[in-house]
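The chain contents come next:
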Amino acid sequence: MCFKTLPVSFDGRGNATLRGGANPYGYTNSTPNHVEVTETEREERIKRLVARNGHIKDLNMDPITRIAGALALHVQADLDNGEYLDAHAQATLFRGYELILMGRDPRDAIFVSSRACGVCGGVHAHCAAYAIEMAMGIKPPPLGTVVRNMEQAAEMGYDNPLHLYLLAGPDYSESVIKASNPELWPLAESWPCPNAHIHGFKKMSDLMVALNPLTGSLYREGLDFTRLSREIVVILTGKYPHPQNVVPGGVSTTLTLQTLNEFHSKLGRIFDYAQRMMAVWDDIPAFFYEADERYMQVGSRPMTMIDAGYWDDPYAYDGTYENCNEWGDKRWSTPGAVIDGKLVTTRLTDINIGLEEFVEHAYYEPSHTTRHATDPLGNPLSPWHPWNKRTLPKPGARDWKDKYTWSTSVRWDRRAVEAGCYARMIINAQSRKIPTSDFIESTGHSVRMLVPKGEVGEREVEWHMPDVWNAFERNRARAHHYLYSQLVGLESLFEAYKLFQQGERQVASLTPEELEKAIPQDNRLGVGFWGAGRGWLVHHLEMDKGKLTNYQITTPSTLNASPRDPWGNPGPYEEAVMNTPMIEDLSNPESFTSIDMMRAIRSFDPCMPCTTHAYTGDGEIVREVNTCSCGGD
Amino acid sequence: MIDYHNQHRDLIPGSPAQKLLEGLGRAVGFHDLDHIGAFGMPTGAYMEDMLAPAAIATAATRFGPLEKVHAFWFAGASCDGCSVAATGATNPTVESMMLGAHPGIPRVILHHPVINMESGAHYMRAAEQAMEGTLNAPYVVILEGSIMDELLAFDQGGYWSAAGEEPWGKGGELRPVSTTEWVARLSINAAAMVAIGTCATWGGIPSAEGNPTGAMSLMDFLGKDYRSVLGVPIVNIPGCPPIGDNFTETIAAVCYFLQGFGPLPEFDELGRPAWLFGETVHRRCVRGAYYEEGQFAHEFGDPECLVELGCWGPVVNCNITSRGAVRGIGGCMNAGAACIGCTMPGFPDKFTPFYKRPPGSLASTTVSRMTGSLIRPLRKFSNNNLNREVRWDKTGEVTSGFGREKSDPGMLAEVTHHFYDKMRRFNDNATNDGAAWGKIGDDGGDGRHPEQARGFKSGESSKKAMPGRR
Ligand code: SF4
Ligand code: SF4
Chain A
1 MCFKTLPVSF DGRGNATLRG GANPYGYTNS TPNHVEVTET EREERIKRLV
51 ARNGHIKDLN MDPITRIAGA LALHVQADLD NGEYLDAHAQ ATLFRGYELI
101 LMGRDPRDAI FVSSRACGVC GGVHAHCAAY AIEMAMGIKP PPLGTVVRNM
151 EQAAEMGYDN PLHLYLLAGP DYSESVIKAS NPELWPLAES WPCPNAHIHG
201 FKKMSDLMVA LNPLTGSLYR EGLDFTRLSR EIVVILTGKY PHPQNVVPGG
251 VSTTLTLQTL NEFHSKLGRI FDYAQRMMAV WDDIPAFFYE ADERYMQVGS
301 RPMTMIDAGY WDDPYAYDGT YENCNEWGDK RWSTPGAVID GKLVTTRLTD
351 INIGLEEFVE HAYYEPSHTT RHATDPLGNP LSPWHPWNKR TLPKPGARDW
401 KDKYTWSTSV RWDRRAVEAG CYARMIINAQ SRKIPTSDFI ESTGHSVRML
451 VPKGEVGERE VEWHMPDVWN AFERNRARAH HYLYSQLVGL ESLFEAYKLF
501 QQGERQVASL TPEELEKAIP QDNRLGVGFW GAGRGWLVHH LEMDKGKLTN
551 YQITTPSTLN ASPRDPWGNP GPYEEAVMNT PMIEDLSNPE SFTSIDMMRA
601 IRSFDPCMPC TTHAYTGDGE IVREVNTCSC GGD
Chain B
1001 MIDYHNQHRD LIPGSPAQKL LEGLGRAVGF HDLDHIGAFG MPTGAYMEDM
1051 LAPAAIATAA TRFGPLEKVH AFWFAGASCD GCSVAATGAT NPTVESMMLG
1101 AHPGIPRVIL HHPVINMESG AHYMRAAEQA MEGTLNAPYV VILEGSIMDE
1151 LLAFDQGGYW SAAGEEPWGK GGELRPVSTT EWVARLSINA AAMVAIGTCA
1201 TWGGIPSAEG NPTGAMSLMD FLGKDYRSVL GVPIVNIPGC PPIGDNFTET
1251 IAAVCYFLQG FGPLPEFDEL GRPAWLFGET VHRRCVRGAY YEEGQFAHEF
1301 GDPECLVELG CWGPVVNCNI TSRGAVRGIG GCMNAGAACI GCTMPGFPDK
1351 FTPFYKRPPG SLASTTVSRM TGSLIRPLRK FSNNNLNREV RWDKTGEVTS
1401 GFGREKSDPG MLAEVTHHFY DKMRRFNDNA TNDGAAWGKI GDDGGDGRHP
1451 EQARGFKSGE SSKKAMPGRR
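Top to bottom, those sequences are chains A and B.
Quick note on numbering: the first sequence equals residues 1 to 633 in this note's numbering.
Quick note on numbering: the second sequence equals residues 1001 to 1470 in this note's numbering.
Since no wrong hints were added, every one of them can be taken at face value.
When the alpha-carbon atoms are kept at most 20 Å apart in a straight line, the in silico EDC-like pairs for lysine to aspartate or glutamate are as follows:
hint, chain 1, residue 1, chain 2, residue 2
1, A, K453, A, D438
2, A, K57, B, D1032
3, A, K57, B, E1173
4, A, K394, B, D1149
5, B, K1068, B, E1132
6, A, K517, B, E1299
7, A, K57, B, D1034
8, B, K1356, A, D105
Calculated directly from the structure, the hints in this document are not laboratory data.
Only chain A is shown next, with the shape it has when bound in the complex:
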């Protein structure tokens, strides 16, 4: 492992040290060298084109619908050459959670931060619990961890179909194809679906009708399966989306044999559906790639992404930062950073210390600090690392050259990294570290999965690393992640049965009184490494004298919705849009719908519900916390 840009070197045992020199983290001392087009070059080019060509449209789409939360996109579209010359993603929502959590009892963080996002509500509650456990030195009993895994697997069972059929699916439906890509319709009517024997749609046109919003059978079935998975979740959590059962040190679920049996019988209904889902999202790319190769460029960007891992090994997880690389490696989904398709590390400490957050183009004032020069293990930390973060929100005018969004620029090793549930597929395919399972196998280049028998027979499926990374592959990988997550749910359920057999019933390590006594009075740091429906989710916190003194959330959509960084590199949405060709008929500029740009954006599954930062009003920060769900920071 080595960083390409950050001034950090590693010794043979993986311990990191800061390379010398004055101000090693300075923008000019550590400049990423992967910048392809600089901001100035981009601007010059647009100026030249505008001078030559009247068909450059300056368009702002606000709001973008069929995503969660508030996102707008500004583009400069060259309709003559069918190109998006420039793109700016804007997270348009800020909520001030920071001061709300500030100075609070750490026990409040679970239920308060849960409200950061209601689209994947459970994930924040869990992530907060992990951060608190690390800070307070609490280790949940195995059954507590197993129940959390079950909840979080089931939550993915809601999340993935919601996206694929309610949010993204309509973009490939008959209603859109006939209006935006009419040339594809006759083709779809004669194109036999290779997976017709699995999903039942003979021709692509039949499948597209089924994707129609509200009236299509796949849309409706998807919605209903989100409900089934929510039922599974609430057996354990009480309610949805915000779980009511997560406690520091475990869960408070009263686990009976009925709980497990109900979980089992409901989960059992999912596997047939998972087969159909993968079949649908395998056929869609096949059809589009065949119809026009340019579809491979829709939403494309380098396969550069990050994930903090998901679903703990109940016997390995001990809640400590000291051992996080060991327990991280044992997760059902391995943590990892992928640069240009290659897995460069699976160590949580590397992932943590490579993290920075910049605010040059966001509605905040920069105020990074050096209060933590290293992490608790002595690895160097950047002044822009969440534990060092000092951010002052400042609503202001929109200016594409200056500030234009509530989302910060999150970078890892100063690169724009993408987050998604599909990052788990990409990392697990390569890591070969996932636990031994009858159902899932990491081959080093693919993920092999055995679908248990339902009403239709069992089947082996294999997800391969794609050659290109684009909108279609995101959706395909998400459909496979659906199965992956449900298999983790099944494995975790078996683990719960096993613990039950052994007479194990304890789901939390502390009673409420013990918890109250365990709140430390000295200064502590904590970090929850977790995941969401969109991948990566990390909470950093600091507490002192038994109260929270800093709380920072880095969400997947903050990574993806990032604006430009200090070096002018666009965030993943922006980059993906600029790489998207306009395939629709452009002969009449009036009828330009920008469908491919929307396919690109939606394939990320944007989820923007919240943005929060501290603001004391007088410019001086007394205390600052940041809980943000998705999108903003």
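Starting from the known structure of chain A, fit chain B with the ligands onto it as the hints suggest.
What follows is chain B with the ligands alone, placed relative to chain A:
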């Protein structure tokens, strides 16, 4: 073109809504859709028109005068959890309302950012028409998330939460329009204003102690005297998240009333549907009997009453234990989770820190511990008796191979149960034995197997059989 600036006069004087519109200044004209063309319209049609063929019904099958109603869904300081909760509803479902697929419900034309096909300026068109008064049907506004003080951000040239843009900036420039502004403007012509979720109903977590955005509830924003054009004050459906069914059912109930076949739905003094929020959640809690018997969970995961783990159920208006969270399943205490009062105006600050027993519970748990210690053994005693067939009492043997039942209840128990049995039959005057009622013959007189009938011949209970026909 109309300058909507003067709209603030139609709002309650002195309300934050009125002050906001007054402070925002000019609002002239809307988007130029000609300039925008099909940008953001991938189906070439508005959602309303796309769904119309599937959704339109005749007056006969919709049972009433109302053909359709628009519903504008806005998200303020929200987490989108209320939207998620609403899509989880099954009684009725959101999609059945949108498709008019539910007899009696007019077709609901929902303008929801998570559902609609049109984006950008096209998505905002219906809201513009609602402002202009040119929309083709009455509309309701549904707010999720709290209202933030946008004047604070506007003064710095920005916003906290925006939904679309309009040419209301300096010199007709497009400027982001905040959710708060939309809600204020649309409240003027709305048929009803509905707040969903605790953020919108009472401010919720975004308005908790220490918040920097000045977040508040919809009621606080529009003012006590606010009335919709139908004369209705703000309707509140709280919960964090709310139960999806509580929301869709309330909307449906109002529709049934407007269609002329449902009763007038009753709302309580805080605008909550009274039939849903009239009871404390404790009253229908699945663990309520543990409370009654004085048994309390000590560790997380214990099956007993959760009050000492921090449950506020006895003083919280909520129906989740009886209604469930999704399709009747779940519920906080059902799963083992203590109530933190997420439906209440005092949430969260009056319930924190969490996982700590409510101080006020001490008196009542002490009392229930005392009475419980008396009642529990008595109940256990009766329960033992009822766990025995009458035949086992006679034969003195329990035939279950699991052998969990004690075969001999013991002398004292037998006497007591006998006495109890007498009490139970105190008013029963039938003293004839079974033969007198024609019950005992070769076939038992009532079709029973002779052996079965004979079994009762000598038994006490056959003498005390229910009086029957002769
Ligand atoms: S768990 Fe809560 S609501 Fe249920 S009986 Fe106990 S105090 Fe009441
Ligand atoms: S029981 Fe309490 S925490 Fe649960 S939904 Fe009702 S009010 Fe909220």
